[in-house]
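Participant: Build out the structure end to end from the sequences listed, making use of the hints.
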Amino acid sequence: MQGNPTVVVIGNGMVGYKFCEKLLAKSTDFNVVVFGEEPRVAYDRVHLSEYFGGKTADDLLMAPTNWYRDNGITLHLGDAVQEIDRASQTVHARSGLVQPYDYLVLATGSSAFVPDIPGVEQAGVMVYRTIEDLDEIKAYAATARSGAVLGGGLLGLEAAKALLDLGVPEAHVVEFAPRLMPRQIDAAGSAMLQSKLEALGLKIHLSKATSSIVGEGKVESLHFGDGSVLEVDMLVISAGIRPRDELAKLAGLDVGMRGGIVVNDEMQTTDPRIFAIGECALHGGMIYGLVAPGYDMAEVVVSQLLRGARAFTGFDMSSKLKLIGVDVASFGDPFIAEPHSRAIVYEDAHNGIYKRINISPDGKYLLGGVLVGDAEAYSMLLQTVNNKLALPPHPEDLILGARGGEEAAGAGVMSLPDEALVCSCEAVTKGMICDAIETQGITDLAGLKKCTKAGTGCGGCVPMVKDLINGVLTAQGAYIKNVLCEHFDYSRQELFDLLKINDIRTYDQALDRFGVGDGCEVCKPAVGSILAGLWNDLIIKQNVIQDTNDRYLANIQKGGSYSVMPRMAGGEVSPEQLIVIGQIARKYNLYTKITGGQRIDMFGAHVSDLPDIWEELVNAGFESGHAYGKSLRTIKSCVGSTWCRYGLHDSVSLAIELENRYKGIRSPHKMKSGVSGCVRECAEAQAKDFGVIATEKGWNLYVCGNGGAKPQHAQLLAADIDKETLVKYLDRFIMFYIKTADPLMRTATWLNKMDGGIAYLRNVVVNDSLGLCADLEAEIALLIANYHCEWRKVVEDPELRKQFTHFVNVPKSKDPTMEFAEMRGQKMSSAW
Amino acid sequence: MEAALAVTWLPVCQTTDIPADGGACALVAGEQVAIYNFARRGEWYATQNLCPHKQQMALARGLVGSTGELSVPKVACPFHKNTFSLLTGECLSSSDLPGIRTYPVKVEGGVVYVGL
Ligand code: SRM
Ligand SMILES: Cc1cc2nc3c(=O)[nH]c(=O)nc-3n(C[C@H](O)[C@H](O)[C@H](O)COP(=O)(O)OP(=O)(O)OC[C@H]3O[C@@H](n4cnc5c(N)ncnc54)[C@H](O)[C@@H]3O)c2cc1C
Ligand code: SF4
Ligand code: FES
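Chains V and G are the protein sequences, given in the same order.
Each residue of the first sequence is one higher than the one before, counting from 1 in the UniProt record's numbering.
Each residue of the second sequence is one higher than the one before, counting from 1 in the UniProt record's numbering.
Accuracy of the hints is not assured; some may be wrong.
Unchecked claim - Listed next, the in silico BS3-like pairs over lysine-lysine satisfying Cα-Cα at most 25 Å (straight line):
(1) V/Lys541 <-> V/Lys593
(2) V/Lys218 <-> V/Lys322
(3) V/Lys138 <-> V/Lys203
(4) G/Lys81 <-> V/Lys541
(5) G/Lys54 <-> V/Lys814
(6) V/Lys466 <-> V/Lys388
(7) G/Lys81 <-> V/Lys710
(8) G/Lys54 <-> V/Lys558
Calculated directly from the structure, the hints in this document are not laboratory data.
What you are looking at is a predicted structure, and each value in this text was computed from that prediction instead of being measured.
Facilitator: Here is the structure:
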């Protein structure tokens with residue numbers, strides 16, 4: 001609006017975005033103009049590594065692109081500000097745009113610090129900061145045999161793990177200091193961390209000063225001060241950050257000796273109309289390289305613009321490493337030692353656990369500490385430091401767990417004061433969270449994130465938020481459990497185990513032993529699915545517990561007719577089979593269509609015709625396509641190496657083999673799959689519950705993708721594996737899904753709800769972290785062995801055939817109310 | 001009950017024609033009637049076969065069950081899972097849908113009779 005003061009924000013990174021969000025939440029009386037140098041709107045840099053785990057650039061956005069327009073913000077992307085003219089109060093952008101300001105907010109962040117090592121300009125030397133950097137790393141990783149990361153800090157280790165996950169066979173970490181993460185954890189903790197990372201496959205080189213990067217145009221090796229040499233095809237530099245203060249310097253604002261725009265407690269630079277926040281700001285001699293302090297600074301500036309009194313007084317630098325499989329955290333003051341504190345240390349070399357807590361000399365308060373190998377207590381310990389909570393009589397219980405005591409889970413969290421800051425990224429306190437649960441009826445994490453934003457930043461507080469939800473609900477007397485329905489007080493997973501252990505074979509046995517009442521339309525099909533997942537008996541022996549499609553082995557259509565869909569594994573079909581389909585469709589007057597799953601569907605069959613139709617199909621060699629079942633649907637294939645000039649392997653044969661292996665197996669929801677012969681991905685394997693793509697060296701296996709209502713790409717489970725390994729992983733994956741998902745939960749949702757996500761799943765399926773794999777393989781072998789074509793069984797059994805009538809008392813008669821219309825020379829169902 | 005005096009019992013089928021804890025449709029004097037053999041409770045019910053939601057002849061193919069503290073017997077339409085009380089015909093899942101007609105049923109000598 002005219003007359004409103006103009007706030008110009010330079011930098012559309014995490015903090016710059018958060019500033020806009022916070023300002024809008026408080027006031028609409030400002031014109032907000034944002035300049036961003038990057039080509040896309042602000043994204044979540046903290047979770048950047050997930051870009052390698054299947055997240056897209058869009059998934060990472062802090063807010064959708066149209067958010068800015070919808071909120072009246074003028075946004076200039078890909079347009080860096082080149083000059084600030086303080087006299088005329090204008091900024092000058094690269095595009096030539098001149099924008100006046102009343103207030104200016106510098107949120108220019110930092111760039112990766114690249115040390116001046118000879119050869120650093122070689123191709124194959126990269127940094128880890130933007131999506132473009134990650135694209136470049138990904139491209140190199142595809143062919144690299146060996147890669148290194150320069151720097152063994154928080155970010156360097158994350159980058160090194162990413163190299164491993166990208167399938168670089170040899171990943172090295174080179175650190176100048178004699179230990180890893182020297183700024184966060186103590187020597188003993190570093191040593192424990194190092195052995196954990198080595199177990200993951202990282203090669204660690206300490207006390208190494210890199211003297212030159214050698215190669216002919218492209219990096220080939222690293223040479224160190226001690227004369228040693230490391231051969232690498234790519235190098236990621238993670239040697240710290242350098243605040244982007246160049247604009248400020250040019251404009252004559254004070255900057256620190258080692259970089260950073262000097263600000264006071266109000267986040268004002270030496271020009272009171274200009275603020276600096278985030279990683280470019282130097283406050284009290286400190287650059288804060290974390291998001292939470294940046295967000296707090298944004299809050300301070302908003303308060304200043306609205307004539308509030310909020311100030312920035314420093315921030316806790318506690319941090320937790322995000323590597324899956326390696327828990328590392330440091331909080332408070334991790335290094336403080338005698339005589340200012342007493343340390344309690346617990347070390348378990350066998351299990352790779354190291355914990356240290358520093359206690360005030362009088363034994364009353366916790367001052368800080370380090371956790372390696374098991375950081376579950378991190379949030380609670382951090383709260384204990386920050387809120388100066390009194391320590392228990394035996395402080396060692398904090399890291400050893402109360403022994404013998406009956407401390408209820410969550411009791412610890414509930415004892416925090418209401419002001420305790422639980423989510424530091426979004427500044428959400430315990431009181432705010434409890435209030436949302438108590439007064440707004442919120443019962444789960446998703447709801448709470450929506451309502452309070454807690455847990456939406458770095459995600460580190462999520463476990464604690466969950467504990468709080470459970471704590472409050474328990475206190476309210478609510479019993480939180482994911483039960484099937486009013487008749488079974490068990491989750492699907494629990495019931496699966498119970499029915500297995502007790503060798504239950506029918507729904508009635510299940511209801512008598514474990515349920516109440518007479519059952520319903522929810523638990524009957526769910527138990528039907530569990531029984532099928534356990535024993536794979538012929539499902540229509542218990543037809544009255546199946547949903548209608550499973551009861552009649554066909555999908556019910558508008559009007560009450562059914563569809564007929566024979567299996568065409570991999571989408572392959574012969575001319576003879578096509579002729580049979582055509583003849584049958586003509587004879588029974590069925591509408592025919594090619595489905596989205598690469599096969600042919602025939603619609604509009606009367607229920608009493610189904611057995612006759614299927615008799616003809618079975619005689620022609622067709623089998624049920626299970627289009628009606630919560631089971632494997634189709635495995636789409638592309639033509640692959642048999643015909644395609646790009647095909648690397650025979651994708652059709654693999655699709656057919658896999659479809660035949662898993663056909664007929666019932667699962668919590670339907671499963672779909674695809675096999676592509678190369679990365680061009682014509683079979684859309686990455687949109688499937690499991691998908692396979694041929695590579696030069698073997699096959700890449702992707703899991704937990706989904707089309708449908710909420711599309712989601714599948715994530716890479718294993719790369720470059722041979723067929724035997726592929727089948728082994730698939731066996732385990734499918735059975736693990738069958739056993740643990742909720743009813744009607746597709747694999748994508750299942751993964752989304754899994755703590756630890758794809759890394760956890762990979763651990764279970766590939767590394768056998770739960771020791772379950774032998775069982776999973778045996779269980780699925782039983783299901784595979786019990787496969788039968790359900791339609792052949794019906795066709796051959798007069799008793800079963802009798803179930804397919806519309807009128808029990810006039811079996812030959814069809815439903816007289818059923819009507820069809822005509823369209824393009826075929827029939828269609830008439831409107832509702 | 002206004003019809004109590006006027007009931008005409010028509011023999012429809014054998015008890016074994018209707019699956020235990022399930023239903024089947026019969027043609028009774030030109031009408032489509034869904035008959036349910038609630039074997040778990042030793043009870044028989046009959047309703048119109050037409051689901052009032054989208055006028056589909058389908059209720060006999062639905063799943064039967066019970067709900068609530070009183071264990072009200074019900075059937076769920078296979079199309080969109082609307083549920084109806086087998087006692088009163090009332091729609092249990094939506095207040096916007098009308099109820100369905102229920103019929104008296106009895107079983108004698110292995111034969112199922114529906115009252116019209
Ligand atoms: C026939 C077909 C459409 C077509 O003409 O091409 C079809 C038809 C139906 N789909 Fe589909 N889907 C068909 C391919 C797909 C695809 C494409 C694919 O498989 O590549 C998708 C998206 C991919 C995916 O599922 O990830 C798809 C996503 C759905 C969904 C949404 C699932 C989700 O997770 O969001 C449903 C609803 C559900 O299953 O709960 C659904 C449900 C249905 C049902 C079964 C609805 C129902 O219960 O009656 C439709 C049956 C129609 C009927 O009257 O028979 N259909 N459906 C396709 C059969 C493929 C086959 O050969 O088996
Ligand atoms: C891989 C990775 C993992 C991380 N993990 C964590 C973590 O676990 N926890 C944590 O707290 N922090 C983590 N961080 C740090 C965190 O991402 C940063 O603290 C945060 O992004 C800082 O936000 P910012 O807005 O200050 O800077 P940035 O996000 O860098 O944004 C600054 C933006 O300003 C733009 N810009 C600069 N100059 C100009 C100009 N002249 N004109 C226009 N635009 C300009 C830049 O292009 C950039 O887009 C991680 C960082 C990385 C790279
Ligand atoms: S998209 Fe909807 S309408 Fe089309 S077939 Fe699938 S379920 Fe039916
Ligand atoms: S037609 Fe019965 S619920 Fe829709």
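Participant: Which hint numbers doesn't this structure obey?
Facilitator: Hint check: 1 and 2 fail, others pass.
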